[in-house]
Each structure stands twice: as C-alpha cells, then as structure tokens.
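Just need the whole structure built from these sequences, with the hints factored in.
Taken in order, these protein sequences are the chains called V and A.
In terms of the working numbering, the first sequence opens at residue 1 and continues consecutively.
In terms of the working numbering, the second sequence opens at residue 1 and continues consecutively.
Errors might be hidden in some of the hints.
Computed cross-link-like contacts, BS3-like style, restricted to lysine-lysine with a CA-CA straight-line distance of at most 30 Å [to be verified]:
1. A:K136 <-> V:K266
2. V:K185 <-> A:K66
3. A:K136 <-> A:K66
4. A:K66 <-> V:K395
5. V:K145 <-> V:K337
6. A:K53 <-> V:K114
7. A:K186 <-> V:K166
8. A:K79 <-> A:K159
9. V:K266 <-> V:K185
10. V:K184 <-> A:K145
Pairwise CB distance ranges, derived in the manner of DEER restraints [as the list claims (entries may be wrong)]:
11. V:K129 <-> A:F283: 57 to 63 Å
12. A:P213 <-> V:D409: 50 to 56 Å
13. V:E365 <-> A:F118: 54 to 60 Å
14. A:F131 <-> V:N94: 35 to 41 Å
15. V:T421 <-> A:I34: 46 to 52 Å
16. V:D222 <-> A:G57: 50 to 56 Å
17. V:E408 <-> A:L78: 28 to 34 Å
18. V:S361 <-> A:M68: 52 to 58 Å
Worth flagging that the hints you see were computed from the coordinates, not collected in a lab.
Just so we're clear, the structure is a prediction, and the values are computed from it rather than from any experiment.
Think of the CB as a built atom: it goes at the ideal place given N, C-alpha and C, for glycine as much as any other residue.
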Amino acid sequence: MKKITALFMVLVLMMALSACGNKGTKEDSSEQTGTDSSDTTVVKFWSFHAGGEAEFLENVVKEYNAAHDDVQIEHTVVNQSDYTTTLIPTAYANGEAPDILYVEPATFTKYAEKGMLADLSPYYTDELKADILPSALEAVTMDNKIYALPIEMETLGLFYNVDMLKDAGINPPATWDELYDAAKKLTTDDVYGLVLPVEETAYTLFNWWPFMWMAGADVFDDDGNCIVESKEMIKALDYWGRFYQEGLSPASLQIGPWDIGNVGTKAAAMQVSGTYVINAAENDYPAVNIGVVPLPSPDNNPITVAGGQKLAINAQSECKDEAADFIFSLYGSTDIKKAGVWTTEAKFAYPARQSVIDSKSDVFEKGLRSTFTDFYSTAVPEPSYKAEVTDAIGKMLQDVMFGGVSSEDAVKEAQKTIESTMNQ
Amino acid sequence: MKKSNISKRRRKEHLIAYAFILPDFLGLFIFVIIPIIYAFYISFFKWDFINEKIFVGAANYIRMWKDMNWWNAMLRTLKLTVLYVPLLFCLSLFFAALISTIRSKAGSFIKTSFLMPFAITSVIASTLWMFLYNEKRGYLNAAFKALGLSNQKFLGSGKQALVCIIVVLLWINLGYNMILFLSAIKDIPESYREAAILDGAGRWQVFRYITFPLIRQTSIFILVTTTIASFQVLDLIMVMTKGGPAKATEVGALYIYDRSFNMMEMGYGSALSVFLFFSLLVFSFVQMRLTSEEQGEGV
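Given below as structure tokens:
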C-alpha cells in the first residue's frame, strides 16, 4: 500500500513538473526566460549526472538557451537509480516524459521495442554516420532505424594497487590463471584479492560479458539461436564463480563495484572497473599508486566491452525537431569541440566519433588512459537484450556465484528460460 | 428559541469537525484509496506503461498461480514475518516492562536512546549497518575476531542475509513499539498492581495477570501493524542486498517492484500487489478476530 502510494506521489510530482511542447508555452516560457516569447518551445531534458559532468550539461544548456529565443531547454537533474527504473516508465505512462532522455544498452532494446524512442535517422547526416564508429552505430540501430545518438564509449580494464602487487612479488596478471593466482595470494583477512560486482544488476552483466566472450561463449549465435548451454559458457561461469565461492571477491560491497575507492582505500588489491574512474583515481587518490592492464584472458587474447550512455528522443514528443537540434548540435555537429570536452574534461571516455578521437589524441595517451587506448581496438559493444533475457542471465550468474548451483545446471535453466521467452 | 440555537450550534460544530477531517480524508482518498482501486483495475490488463492496455481477464492471476519465483519470494516474506514480528513484540514488551520500573531520570534517557534509531532514515540506517556487516573491515567481524570466531559474510551469505536485515528492522522499530507499550503500561492504575502485591503476587504474576491482559489493545495494534509492515519491507533490502545473494532476500514487495518497473509489466505487478493486499487484509482480519474473541471470553 505504501509502495503504491509512493508511486502515485511520483506521478503527481511529475504532473507538477511543467509541461513540454507547445502546450501552454506562453506562461511557461515567459516565466522561464522573462522575455516575450509567445512561440517559444520548451524542450524537456532529464539527466542524472553529478560533478564535472553535471557542470558541463548545465553550461551547454545555458549557452544553448541564450543563443535561442524560440527554443528553451528545460533541464532537470534526477537520481540515476530511479531514472531507468521508476521515473522514465511512469513519466511515459503519464504523457509527461522528457523530450530528451538517456538510454544505455540495458534499457535500449526494452525502450526501442516498446516504441518509446523516436527514429533519429532523418537527423543523421551521411557524414556523421561515417564518422561514428560502426559498432557504436550498430548498437543503436534496430530494423534499419537509428534510435539514439552514441556520445561516449566506456571500456573495462583491470585496475590494481601497484605497491600491493609489488610487495607480494606479483606481476600484473595477463592470463586467467595468473589473475586467479594473484587474487588468491592477495586475499587476506582484511583485503579482497579482486573486486567484481555483486548484485543482480545490469552493471554486473556489463562486467560479465567480456569474460563470457573470452571463453568463446555467447548468448545468441549469428542466426539468433540461444546458445547459452555450451561448454564455453560453463567454462566462463566456473571461472567467474570461483572468485566468489572461494572468498577472493566480495559477496557484499560497502561502496559500488565501479568505485575506484575499493582499490584506492586498499580494501582490495585489484578491481575490474572502467574508463569512468580514471579521473577519480588521479584526483581522489593521488597518494595511491594505481595501475591498469587489459582484462586478463585465457589465452592472452584480451577482449573488453564498450558501454556508455546514448541520447534519445521521446517518440511521444511534440518537439522532436527542436530536441534533435539540441543533441545533434552538442554531439553530432561538425563542430566537435563540445563532444570532445564531454569525453576528455567533463569525464573520461572514448568519443563515439573518429574525428573527435583524432582531435583529442594527446589526451588518450595520458597516464592510465594510454593503457585503455592500447586495447581500445579489442572492445565489443555491450549487447542490449530483451528484459527477459537479461533477467535469465542475471539469475544464472547469481545462482553460480552465491546459490551453490553448478554451472552445468545454471546454463541449462537459463537456456530453457530464454528459449521459452523467445517462443512467446 | 433556545433549543434551535443549540442545535444550530451543534450543526456548526459538526460542520467544523468535518471540515477538519476533510483534508485528511481527501489525502487518504487521493493517495491511498484511488491507487488501490486503480491497481485492482490494472491487474486485469497487460500494460507496459507505454502502449495501450490490453484486457486479459484473469490471465495475470493465473500466471501468478504458476509463477514459482513469486511463491518463493512470498515464502521469504513469510519467513521474515514469522521471525521478525514475534521478536519485535517480545523484545519491545520486555524492555517496556523493564523501563516502566525505573523511577529515576535515567528512564527517560534510556527511552530516548531506544527511540533514536526510529528517527533515522531507513536508507541511512541501512548504510550504517553495512559498515558493521562489512566482511573484511566491519566492526562485527572485528568483535568476532577478538572472541576467536571466524569471519562471517553476513549480507553476502545466503543463509545469514535475511537475518541480518531482520536485525536492522528490529534496531529501527524497537524503540517506537516499546514507547507504545510503555504508555499503555503507564495507563494501568497503580492501585491494581498494589492490590495484587498485597495479595502476595510476585513480579511475574503481576505482569502475567495484571499488566499483560490490560495492555491487550496495544498488543493487538502492534501485532497487526508490524505484520503489515513486515510484508512491505523494501527500502532496506534495496539498499543492502538488492534481493541477493542469489535471491536470498528477494521478498514479495521487491519482486513486485522488479516485475513492475524493471520488466515493465505493470499489469502483472498490480495483480501481485492486489494479491498481497488481500492476503494482508485477511491476515489482519483473522488476527483482530482472534484477539477480540479472547477479550469476549475474558469479560
């Protein structure tokens, strides 16, 4: 009852947030800008960023609004964990969803399939299409329509405390066996050998994909058949599960598995995390010697995963053109300055466009970034599956990690669940 | 003349009284009653928030019947209730009885200390306890180590996680329920107890035959409200385990949340909520019925 009440409060709150589009824009916009602008279109944009990223967004919105009399961006910052779980779906149900929203692989397929996202193909120039990395463009394309604008590529690597490894006489691991041995040696009563994600979330899957691929396994083959039940998947699960079963990796975490604080505070010797923690590693833990290597692989042939946020436009929006103008001027225009600032100053990630990468090549060679740049070519885009498939893989992992279920039984169950949802 | 004046005044008083209740009632109607009715309505549809609702009759309820994940989640909820409610009841009653015997100022200090956790937001309480439960650097394991016991995984262990959450629930709610008991105990006229003591009753007998029967109303209230609350635990679990490890703490409310929002199956989520609502209604009704029957016999 409390929950339903809370949900309803959220709905009411959303109604209170001022309306988008041309409805009643007269009052809204004059209140906002203080100018006489009876034809002003208000474009709603929801973000969830903090720190330097939030500052960047605030500035570009301000700049855009100052340069446009007829269009005003109304920027609202909300909590990230509520963003994709409750806020976006309930806002859509109400017809009050933002015109511009973020999607990530974990939500892209779900949203695109339900018709929540507008087709952005008309806004893409041929030049832009050629500039965006093919795999990034493919990841936002469904049935020949492009539903989002990729703005960043975040990849995973193995971060480690250089001094802790040195003291233990261990070289940074390159193979699976070396990683396991290192984690085992470095685990003590108050230090974890290796921090991997714990909870049944999209982030855990994001970390799992490269390990699965490195073992030669996948969820679907090229023809779309489910191939979860395979020797390779069992091998990957056995390897991944061992860290938790033997207590080398935590079963519960105080701070997020992505937070470099795990290695920064020496609570862990090694940690799988991504490009997004490099700024924090440098600024928050200057006294800790943190290094990074590619994710270890069974045969010294590493693969990493590339995720990251994409911008999309609400299919229900009444001001798609205006919304598109804003996001494409930011990340899709021939003037690549802002797209570069976003990925190199506001945060660190790889731009999704070759021209931006080329223009910022010096940044990608700085410190820990250079390692990521070295293995950037091994990145495979984070897959975006239906919610039911993600759910089945998530359960399979949890069962092996903590449920005492054998990898053989776990893959069988996941295969069965996925096949039954595919047949529906 | 006079008569009509009085009735006029009365009517006015009634009107004022209703006017005072109105805002509260409106709030209840808009935020509680309408959503419940709406959830009931939605439960007969297939609805993903975005597209048209499709009427599916009882399909959601049939699916619920066959959904083993749901029944497992409900079983965990039941486990939590069976452990948590009696523990909370006994502990808060025990401490209330104990504190009621303290006559000095220390009593109010102890009361305040017990009540303090109740004033803390559940999210902060969860975070606090995660520090204690931390496997490698937590205070609990440090204490265990000092006692020569081995490191425990607490929230990371499938066997311990639910118990760990119950402990936090107890910590938060003990003080509040204790205060309720305490005020009920204070309402009992001192003369009853004195008479019993004069008749040669010991401490336990005073409690068993005087105090406990006379605070029955409060006991019923606490039993019913904590049972309901135990079915709705969500925030603590969302922060501490997200239902893990391996679904060991995935209770009914969390499963409903997951189906409704992550899977965007609002119709199915509503059907599950409606089921939970009615089972709680029946549960509370039976609880109240049982306890009021006892009262009937007693009088």
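Each hint tested on the structure:
At most 30 Å may separate the alpha-carbon atoms for a hinted pair to count; K136 of chain A and K266 of chain V meet this at roughly 11 Å. The hinted pair formed by K185 of chain V and K66 of chain A fails the criterion: a straight-line CA distance of about 47 Å is larger than 30 Å. About 41 Å separates the Cα atoms of K136 of chain A and K66 of chain A, which puts this hinted pair outside 30 Å; it is violated. Restraint check for K66 of chain A and K395 of chain V: satisfied, since their Cα atoms lie roughly 19 Å apart, inside the 30 Å limit.
Simply put, K145 of chain V and K337 of chain V have alpha-carbon atoms about 27 Å apart, close enough for the 30 Å limit, and the pair holds. Simply put, K53 of chain A and K114 of chain V have alpha-carbon atoms about 13 Å apart, close enough for the 30 Å limit, and the pair holds. With a C-alpha separation of about 66 Å, the suggested pairing of K186 of chain A with K166 of chain V is violated against the 30 Å cut-off. Straight-line distance between C-alpha atoms of K79 of chain A and K159 of chain A comes to about 12 Å, which keeps the hinted pair within the 30 Å bound.
Our distance criterion of 30 Å between C-alpha atoms is met by K266 of chain V and K185 of chain V, whose separation comes to about 15 Å. A distance of roughly 21 Å separates the Cα atoms of K184 of chain V and K145 of chain A; the hinted pair therefore holds under the 30 Å criterion. Between K129 of chain V and F283 of chain A, the C-beta spacing of about 60 Å keeps the proposed range 57 to 63 Å intact. The hinted window of 50 to 56 Å between P213 of chain A and D409 of chain V holds, with their beta carbons roughly 55 Å apart.
In this structure the supplied range 54 to 60 Å holds for E365 of chain V paired with F118 of chain A, their Cβ-Cβ distance being about 55 Å. Here the CB-CB span from F131 of chain A to N94 of chain V is close to 39 Å, well matched to the stated 35 to 41 Å. Between T421 of chain V and I34 of chain A, the C-beta spacing of about 34 Å breaks the proposed range 46 to 52 Å. Take D222 of chain V and G57 of chain A: their Cβ atoms lie about 40 Å apart, and the range 50 to 56 Å is violated.
Checking the proposed 28 to 34 Å range against E408 of chain V and L78 of chain A shows it holds: the Cβ atoms sit about 31 Å from each other. Distance hint for S361 of chain V and M68 of chain A: a CB-CB separation of about 54 Å, consistent with the stated range 52 to 58 Å.
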